[in-house]
Amino acid sequence: ETAVFQTPNYHVTQVGNEVSFNCKQTLGHDTMYWYKQDSKKLLKIMFSYNNKQLIVNETVPRRFSPQSSDKAHLNLRIKSVEPEDSAVYLCASSLPGLGGYEQYFGPGTRLTVL
Amino acid sequence: GQQVQQSPTSLVLQEGENAELQCNFSTSLNSMQWFYQRPGGSLISVFYNPSGTKQSGRLTSTTVIKERRSSLHISSSQITDSGTYLCAMEPGNMGYKLTFGTGTSLLVDP
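From first to last, the protein sequence lines stand for chains H and A.
The working numbering puts the first residue of the first sequence at 1, with every later residue one more than the last.
The working numbering puts the first residue of the second sequence at 1, with every later residue one more than the last.
Rather than coming from a laboratory, the hints here were simulated on the basis of the structure.
Since no wrong hints were added, every one of them can be taken at face value.
DSS-like cross-link-like pairs, simulated, lysine-lysine; straight-line CA separation at most 27 Å: (1) 44/H / 54/A; (2) 24/H / 71/H; (3) 44/H / 71/H; (4) 44/H / 66/A; (5) 44/H / 79/H; (6) 36/H / 71/H.
Okay, chain H solo, but in the shape it has when bound (with noise of 0.2 Å):
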């Protein structure tokens, strides 16, 4: 089965811990992204990839690291967890280039910080 994936599903946690989110796809993209979706269902970017490249940070807090182990693989890092970041957080692939290409979206991973 071509698609993204992601996981955990869904993860609850504390203030001050550290999460890891996993994302993988299998379109053979080379371009990965993550977003988050807010309370209020709005969706911004937050990181870019292209083939293990960080091509966009949309000004987000350094507690946030998203890191690429190859071109299908890419995660995100939050290192010490505040309330605000409670989200849906996204994942997406596209084919590479500046001139728009279709982007591919995983189920998400819902976070809840206490």
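Knowing the structure of chain H, use the given hints to seat chain A on it.
Relative to chain H, chain A alone:
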């Protein structure tokens, strides 16, 4: 300001009625997509439509790049069409990301 203006914010239809959702963009764009999302559900790509008109079943999308707008037409709505529809664009001056609208919440009543 908001780069992607989506309207209406919410819409209630009787089953069988048609709907027209709009997106207007304040900047140039390389491409745009329409997505569908159920509450608590994943984001499903409905159309990738950088320009022109595309149709899939009861859904039709029209994008006019020069006028910086796109529309999604739903004909003969069904209860299962209920959910949130989001449009997103890739800005022309900065690729490798999508900028999303705030969504249209659609409810189709029987």
